[in-house]
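2 protein chains.
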Amino acid sequence: MVQAAVMGYGVVGSGVVEVLMEHKDSIARRTKEEIGIKYILDIRDFPDSPFRDKFTKSFEDIINDDEVKVVAEVMGGVNPAYEFTKRCLENGKSVVTSNKELVATKGAELLKIAKEHNVNYLFEASVGGGIPIIRPLSQCLAANEVIEIAGILNGTTNFILTKMIRENMSFDDALAMAQKLGYAERNPAADVEGHDAGRKISILASLAYGKHVYPQYVHTQGITKISLEDVSYAASWGGVIKLIGQVKRLEDDTLDITVEPMLIEKTSQLAGVDDVFNGILVRGDSTGDVVFYGKGAGKLPTASAVVADIMDCVKHLKRRKYLDWADGDESIVKPYEQTEYPVYIRVESALDKKQVKQKVKELFNNAHTISRTDSAENEYAFVTDSMVVADQQKAAAALEESGIKVLSKIRIADL
Amino acid sequence: MVQAAVMGYGVVGSGVVEVLMEHKDSIARRTKEEIGIKYILDIRDFPDSPFRDKFTKSFEDIINDDEVKVVAEVMGGVNPAYEFTKRCLENGKSVVTSNKELVATKGAELLKIAKEHNVNYLFEASVGGGIPIIRPLSQCLAANEVIEIAGILNGTTNFILTKMIRENMSFDDALAMAQKLGYAERNPAADVEGHDAGRKISILASLAYGKHVYPQYVHTQGITKISLEDVSYAASWGGVIKLIGQVKRLEDDTLDITVEPMLIEKTSQLAGVDDVFNGILVRGDSTGDVVFYGKGAGKLPTASAVVADIMDCVKHLKRRKYLDWADGDESIVKPYEQTEYPVYIRVESALDKKQVKQKVKELFNNAHTISRTDSAENEYAFVTDSMVVADQQKAAAALEESGIKVLSKIRIADL
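Chains as they are written, first to last, in our numbering: chain Y, 14 to 428; chain B, 14 to 428.
Keep in mind that a hint or two might mislead.
When chains are identical, the list treats them as one kind, so a pair holds in a single copy or across two.
Here are the computed lysine-lysine pairs in the BS3-like style, where the Cα-Cα straight-line distance is at most 27 Å [said to hold, decoys possible]: (1) Lys-367 - Lys-119; (2) Lys-422 - Lys-176; (3) Lys-261 - Lys-45; (4) Lys-422 - Lys-279; (5) Lys-279 - Lys-176; (6) Lys-312 - Lys-261; (7) Lys-37 - Lys-224; (8) Lys-328 - Lys-128; (9) Lys-128 - Lys-37; (10) Lys-328 - Lys-45; (11) Lys-128 - Lys-334; (12) Lys-37 - Lys-261; (13) Lys-37 - Lys-125; (14) Lys-176 - Lys-99; (15) Lys-119 - Lys-45; (16) Lys-328 - Lys-125.
Since the hints were made in silico from the structure, they are not lab data.
Just need the whole structure built from these sequences, with the hints factored in.
Here it is, written out as structure tokens:
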């Protein structure tokens, strides 16, 4: 019997306990060891829980108990999760987590501590919920150079965009519905501003390229400015707008890493990833495109990924899994203004139609007009060829100066 | 430096050598060991190969060389691959393979021998080519009960069906095109009759349910009888016909396992898996649906999966990976005639329209007429509710007796 502790009894934590209990026998059969839960750490009281005798409010109970070999940190947030994780690893306890914020901000350091103490720090559940992605990326794709990773990494924003695309619902209405259904927090900023997806792509990038890419280096833009007009133009162009976290290695060995709404063709494997689902595309030089798809969040999917990591720790007690990346700094990331891609732009102007089109074509690389039914008067939209972001910005400023208002500018991605 | 040998220098074997050589440095960095190729076994001569000094025609060179720790068996077929693999494992060498036929027919025995000799037998490349599926299934989904696995497992037949669906090409023309493009063998039976997919679902089932499900227990039906008429009815019903390998555990703990053409709804995640791509859906009790998608075959995707397994063996020399299943017999599989599912049937009859419909509705469970444009005279199609296969067969025989010819009968799947 190997003893584990669960820190945090929220949605994921209670799911972890549930999965460990309900699958007790099959888990024991698979790991050749029974896994017991010795402690559940939470500041709240759960007097009616069948596990009430396992609850503790003191982290010291866990850290001082040598019987506890594996700790599931499912508290979320950086503090006190960071300190607790660090102390567990330093005390020879393996830690598994779903805490993307902590992995994204402290991953390199915690992996180093784990290595020094010959224990494991695993975080399959931090990206993609129940979708296996961390392990396939680190193991199965090991014989590949990863050319690019692009994913729909946040279920809440994907739900909102799906409602906008499929039901012509406004952003505000779709957000309200997501909140009502429990998919979005009352303060939805972390989701709709792209921070959650930013943490996830920062973890995937660190793993794929071997150096920590901190979230503050990731250009992050949310979906709050996406309008139904853009959705409609996207459709007539033959695509959809999705919030994509993307990283690719450029020729000078820096990374183009970003989270932003992107216009992708309907035939892309990511275009059909709808509602609260996540989809992650990994483009390898040998494998070609491999796509992973499933529920990116939710109690049981996430909990089952945490439990799979616990089982892996139990099978590898005192043997390190090869999950590792070095520390990184800003120099590994290409400044966003220097990256380049084609764009969709939508403008508004009282100027003569011909004049507007001519001006846009003059300033943007090979701009083509696209149209939609029921377009507003004085509204025009274009798609361009690839342009450096700084040049896009200059061109947009020049448009504004000529009396042409830029209403939206969305990256076009070839996925 | 760890020495490896490659047995078979065909498409996959030459790819394995290429990937090992071209990614030498990054592989060494990831495994903390350089991997050398000491032998390449092939009966043919390759006098112009840059690796000509590594070629041998004698398996004894490999088996007698204690320096060789990992052997990639990429010869295909059961003989002599079976004997060679067995002897390697017995001599303390780990073996990795893309040989689905061998794993499907001898997996339990070879895994047992590997276990007894504390070495590894890995076969990520045997299913799904470069798509990671064996490892995610055995590890990441470990904390799940697998309810069902369903996959498009054969690229050749999927290419043919895609041509039929998208371009209204006949089966024969699409097969000829697949052969011309090198997707299909000159003797295409293993693909179009479903045997290749049958071996793959037998491997996935064995892994998921812990007992060897031999291919001969898998009901296997190919796509040779699918007509453009069926494709057209499928479209008007809102679906597509795909060759699906499927396994699910029934309430009495037996398995419903089959390879056959199935009618699935267009909204299914598998419906959009087109051309030579593979897609595998794993339905877990905690994770829900997780889908893996990518190129299911081809030199480099398959080779990169073989190399990832070689790397894993190198990292786990003398430490067993937890890949394991027991021997199994026919009793774990539900006889096909006793399984049940809804069907699509297409019939032809000179009888009065009303009479035909009445007869079908009488014999089939809740049969509903479906129609298509340009349907032939005297042609009718129906979809039914779930029925036991033996009852379907009886009903079909009764139709024939009443002068109604059954032209096709295709399973409807809820995927």
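Right, here's what the structure says about each hint:
1. Lys-367 - Lys-119: Classified as neither: same-chain Cα gap 54 Å, cross-chain 72 Å, threshold 27 Å.
2. Lys-422 - Lys-176: Classified as within; 21 Å inside a copy, 37 Å across copies.
3. Lys-261 - Lys-45: Between copies, since 25 Å is at most 27 Å while 40 Å is not.
4. Lys-422 - Lys-279: within (19 Å within a copy, 32 Å between copies)
5. Lys-279 - Lys-176: both (16 Å within a copy, 19 Å between copies)
6. Lys-312 - Lys-261: between (31 Å within a copy, 24 Å between copies)
7. Lys-37 - Lys-224: Between copies, since 20 Å is at most 27 Å while 37 Å is not.
8. Lys-328 - Lys-128: Cα proximity of Lys-328 and Lys-128: in one copy and across copies (17 Å, 16 Å).
9. Lys-128 - Lys-37: between (29 Å within a copy, 24 Å between copies)
10. Lys-328 - Lys-45: both (8 Å within a copy, 21 Å between copies)
11. Lys-128 - Lys-334: So Lys-128 and Lys-334 pass the 27 Å test inside a copy (9 Å) and across (21 Å) alike.
12. Lys-37 - Lys-261: between (41 Å within a copy, 22 Å between copies)
13. Lys-37 - Lys-125: Only across copies: Lys-37 and Lys-125 sit 25 Å apart there, 32 Å inside one copy, limit 27 Å.
14. Lys-176 - Lys-99: neither (42 Å within a copy, 56 Å between copies)
15. Lys-119 - Lys-45: Classified as between: cross-chain Cα gap 24 Å, same-chain 32 Å, threshold 27 Å.
16. Lys-328 - Lys-125: The answer is both: 21 Å in one copy and 19 Å across copies each meet 27 Å.
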